[in-house]
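Visitor: Those sequence lines, one after another, are chains A and B. Under the UniProt record's numbering, the first residue of the first sequence is numbered 1, with each subsequent residue one higher. Under the UniProt record's numbering, the first residue of the second sequence is numbered 1, with each subsequent residue one higher.
Take these hints with a grain of salt, some might be off.
[Said to hold, decoys possible] Below, in silico cross-link-like pairs of lysine-lysine (BS3-like), each with a Cα-Cα straight-line distance of 30 Å or less:
#, chain 1, residue 1, chain 2, residue 2
1, B, Lys-336, B, Lys-39
2, B, Lys-356, A, Lys-356
3, B, Lys-314, B, Lys-226
4, A, Lys-318, A, Lys-206
5, A, Lys-336, B, Lys-336
6, A, Lys-169, B, Lys-336
7, B, Lys-39, B, Lys-314
8, B, Lys-53, B, Lys-169
9, B, Lys-206, B, Lys-53
10, A, Lys-336, B, Lys-169
11, B, Lys-39, B, Lys-318
[Claimed, not checked] Counterexamples of contact, computed for chain B against chain A with all Cβ distances above 12 Å:
#, residue
12, Thr-31
13, Val-49
14, Arg-109
15, Val-121
16, Glu-273
17, Gly-312
In case anyone wonders, no lab produced these hints; they're calculated from the structure. No residue lacks a Cβ here, since even glycine has one placed at the ideal position from N, Cα and C.
There are 2 protein chains.
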Amino acid sequence: MKKSTIRELSLVYKLCVLSVGVLVSSAAGATDDLMSAAKEAFEPIPSVVPAIKDNTVTHEKVELGKTLFFDPRLSASGIISCNTCHNLGAGGVDAGPTSVGHGWQRGPRRAPTVYNAVFNVAQFWDGRAADLKAQATGPIQASVEMNATPDRVLNTLNSMTDYVVMFQKAFPNEARPVTFDNSAKAIEAFEATLITPAAPFDQYLKGDEHALDDQQKAGLKLFMEKGCSSCHNGINVGGQDYFPFGVVERPDGTLLPSADKGRFAVTKVASDEYVFRAAPLRNVALRAPYFHSGQAWSLKQAVGVMSETQLGAKLSDKEENDIVAFLNSLTGQLPKIEYPRLPTRSDATPRPSLDK
Amino acid sequence: MKKSTIRELSLVYKLCVLSVGVLVSSAAGATDDLMSAAKEAFEPIPSVVPAIKDNTVTHEKVELGKTLFFDPRLSASGIISCNTCHNLGAGGVDAGPTSVGHGWQRGPRRAPTVYNAVFNVAQFWDGRAADLKAQATGPIQASVEMNATPDRVLNTLNSMTDYVVMFQKAFPNEARPVTFDNSAKAIEAFEATLITPAAPFDQYLKGDEHALDDQQKAGLKLFMEKGCSSCHNGINVGGQDYFPFGVVERPDGTLLPSADKGRFAVTKVASDEYVFRAAPLRNVALRAPYFHSGQAWSLKQAVGVMSETQLGAKLSDKEENDIVAFLNSLTGQLPKIEYPRLPTRSDATPRPSLDK
Numbered sequence: 001m002k003k004s005t006i007r008e009l010s011l012v013y014k015l016c017v018l019s020v021g022v023l024v025s026s027a028a029g030a031t032d033d034l035m036s037a038a039k040e041a042f043e044p045i046p047s048v049v050p051a052i053k054d055n056t057v058t059h060e061k062v063e064l065g066k067t068l069f070f071d072p073r074l075s076a077s078g079i080i081s082c083n084t085c086h087n088l089g090a091g092g093v094d095a096g097p098t099s100v101g102h103g104w105q106r107g108p109r110r111a112p113t114v115y116n117a118v119f120n121v122a123q124f125w126d127g128r129a130a131d132l133k134a135q136a137t138g139p140i141q142a143s144v145e146m147n148a149t150p151d152r153v154l155n156t157l158n159s160m161t162d163y164v165v166m167f168q169k170a171f172p173n174e175a176r177p178v179t180f181d182n183s184a185k186a187i188e189a190f191e192a193t194l195i196t197p198a199a200p201f202d203q204y205l206k207g208d209e210h211a212l213d214d215q216q217k218a219g220l221k222l223f224m225e226k227g228c229s230s231c232h233n234g235i236n237v238g239g240q241d242y243f244p245f246g247v248v249e250r251p252d253g254t255l256l257p258s259a260d261k262g263r264f265a266v267t268k269v270a271s272d273e274y275v276f277r278a279a280p281l282r283n284v285a286l287r288a289p290y291f292h293s294g295q296a297w298s299l300k301q302a303v304g305v306m307s308e309t310q311l312g313a314k315l316s317d318k319e320e321n322d323i324v325a326f327l328n329s330l331t332g333q334l335p336k337i338e339y340p341r342l343p344t345r346s347d348a349t350p351r352p353s354l355d356k
Numbered sequence: 001m002k003k004s005t006i007r008e009l010s011l012v013y014k015l016c017v018l019s020v021g022v023l024v025s026s027a028a029g030a031t032d033d034l035m036s037a038a039k040e041a042f043e044p045i046p047s048v049v050p051a052i053k054d055n056t057v058t059h060e061k062v063e064l065g066k067t068l069f070f071d072p073r074l075s076a077s078g079i080i081s082c083n084t085c086h087n088l089g090a091g092g093v094d095a096g097p098t099s100v101g102h103g104w105q106r107g108p109r110r111a112p113t114v115y116n117a118v119f120n121v122a123q124f125w126d127g128r129a130a131d132l133k134a135q136a137t138g139p140i141q142a143s144v145e146m147n148a149t150p151d152r153v154l155n156t157l158n159s160m161t162d163y164v165v166m167f168q169k170a171f172p173n174e175a176r177p178v179t180f181d182n183s184a185k186a187i188e189a190f191e192a193t194l195i196t197p198a199a200p201f202d203q204y205l206k207g208d209e210h211a212l213d214d215q216q217k218a219g220l221k222l223f224m225e226k227g228c229s230s231c232h233n234g235i236n237v238g239g240q241d242y243f244p245f246g247v248v249e250r251p252d253g254t255l256l257p258s259a260d261k262g263r264f265a266v267t268k269v270a271s272d273e274y275v276f277r278a279a280p281l282r283n284v285a286l287r288a289p290y291f292h293s294g295q296a297w298s299l300k301q302a303v304g305v306m307s308e309t310q311l312g313a314k315l316s317d318k319e320e321n322d323i324v325a326f327l328n329s330l331t332g333q334l335p336k337i338e339y340p341r342l343p344t345r346s347d348a349t350p351r352p353s354l355d356k
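Next up, chain A with everything else stripped away, as it sits in the complex (with noise of 0.2 Å):
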């Protein structure tokens, strides 16, 4: 059997099963089912941080990434730090429809939050990086992003002495702990803490009937029956795995360019044109525009798109305002974040550059 047609396979079954675990569960009607049902297709954010493998979470780890994670002397400018396109303030992105990098260059894709992205089976729209650690030395590189190297780095976080004293608080135990790879894995570990635990919907899960209304918890019913949940489900409601965009109906050029083949540029394998990962939909409601492409302004419409392109269903506008309203009782509690003090640079501090 070719690969192709493997993996076709794979997606029918994956949809066939989670269908089915819906059907049956929707089939009993009563509000304990709709509870019941939720409860085996989710699973609440929790409230404490996360474990990451091969990377202890310690407060000192924490303040490293975050500082890290503010500070736009990681980028070639001076001007974009990691906080530019995943504004902690805004959901974990920014203004959009796609990210604006070194050179005033319009990046291809809409940022992707960093709140409960640990919780993703893999990063970015597509998947490419594994973890946080992996995506974290993405955007640091890429030449329409921020532009700078592992070198430029180095050399900038070397040339003061407070980021070298934190990086040897945060890795007490290594003899040279200024590398590329630790300031990744600072950020992992300061991202694992940007977790949104106690949403309305969490409560529900938790067994609080009363956390949802009755237009969310229609919502939620309509989500699970027409079949939304068969890709966005788990803790995050989404980011598990990987579906086409598209499967009933191919979706206009605007939302879904034909130059942006997805996946398949990480795989190579034909059936992965145009797939990506399901996007996790916790605090969707703070995260407009919506897709890959940005280009879906409002979560009323996202849902329109995302039923008549992947389900092939036309909602009513009840139906669609009720989905809407249980997607808004996915946005949970921001941790309080202070904002970090940024070592002072030194004469050793490579210069800000502009050049494209």
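Following the hints, put chain B in place on chain A, whose structure we already have.
Guide: The following block gives chain B in isolation, referenced to the frame of chain A:
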């Protein structure tokens, strides 16, 4: 008498009065006299937020102002906020030499710090804004900076319920509180909280003999005896008055580009050519590169340039180091700032515009 001649005489008078004061004080030589002389020339940063003319500082106004300060959607592109150039994690300035704005354009002058700016006689390097409220409206509209219009800003703010509520709370007695002017007032109120008390030099001014070490005291003595404090005095160790850059000797064209005639652009008085507001030196150690051109990358270099061009004095290496040590004692305690959660866009919020 010609206006310019009057101004020149006025400058000579200002410098003489201050210099005489310094000479008298320093003649005594003893440590107590150094402190007395310092108390005459300088003033400690208060530990409480100062009152502002016609703008009562309230908690609600400060919260609104902080949110606006960090909100990049006040710019046309949606990626430049006040904090981009006046980075509160980096002494209230950007990486320099001059700021990068809309369309990757380079601004003409170094970003001045917002910390303790409330104590300056006027705002901008040329004093063209009487206060922080007037200042705040400038960069938002400047095509080389945030490139927005008051209309765009008002459409943005009115499109988000959370902003409208914040304005209602900040300006409770106004029927239509969402105005461009009130935005500036709120930013001014927030900036009034950006004061940095308790620097070693403040403790010294308050009578703690041991707050400065011997080298810092030697530097302070030189700072007054050599004449630096003729221009850099008062609460902000500068920022109180205007002086020519190049009193004795014209700095080279890199430091003093001939196209930027400083305060002349404001007053159109010939004697104001190449006149600038004396840089306020609070936290100066955090803010390289220096001067309005941002072309002196170390504090020691800046001290050397100043002594030669302004005072006609060639300082020894030790003298320069002593003065730098004193300037390091001007670094105060930066306020803790919780990163704000920005209101969420609605369908009516203007979309980002990158057009140049």
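Visitor: Is Lys-318(A) close enough to Lys-206(A), meaning Cα to Cα at most 30 Å?
Guide: Distance of about 27 Å is within 30 Å: holds.
Visitor: Given the hint that Lys-53(B) pairs with Lys-169(B), does the C-alpha gap stay at or below 30 Å?
Guide: holds (20 Å)
Visitor: Given the hint that Lys-314(B) pairs with Lys-226(B), test it: the Cα-Cα distance must not exceed 30 Å.
Guide: Holds: Lys-314(B) and Lys-226(B) sit about 10 Å apart, inside 30 Å.
Visitor: Report holds if the minimum CB distance from Arg-109(B) to chain A is greater than 12 Å, and violated otherwise.
Guide: holds (15 Å)
Visitor: Per the stated criterion, does the least C-beta distance between Val-121(B) and chain A lie above 12 Å, as a non-interface residue requires?
Guide: Label holds. Min Cβ-Cβ 27 Å, cutoff 12 Å.
Visitor: Is Lys-39(B) close enough to Lys-314(B), meaning Cα to Cα at most 30 Å?
Guide: Measuring from Cα to Cα gives roughly 27 Å; hence the hint holds.
Visitor: Are the Cα atoms of Lys-336(A) and Lys-336(B) separated by 30 Å or less?
Guide: Holds, at about 12 Å.
Visitor: Is it correct that the beta-carbon of Val-49(B) has no partner in chain A closer than or equal to 12 Å?
Guide: Check passes; 18 Å lies beyond 12 Å.
Visitor: Check the hint pairing Lys-39(B) with Lys-318(B) against an upper bound of 30 Å on the C-alpha distance.
Guide: Roughly 25 Å between the alpha carbons, so the hint for Lys-39(B) and Lys-318(B) holds.
Visitor: Below or equal to 30 Å on CA atoms is what counts here, so check Lys-336(A) against Lys-169(B).
Guide: holds (22 Å)
Visitor: For a C-alpha distance cap of 30 Å, please report whether Lys-206(B) and Lys-53(B) respect it.
Guide: With a Cα-Cα distance of about 27 Å, the restraint between Lys-206(B) and Lys-53(B) holds, given a limit of 30 Å.
Visitor: Check whether the Cα positions of Lys-356(B) and Lys-356(A) lie no farther apart than 30 Å.
Guide: Within the cut-off at roughly 17 Å; holds.
In terms of the numbered hints stated before, the structure departs from none.
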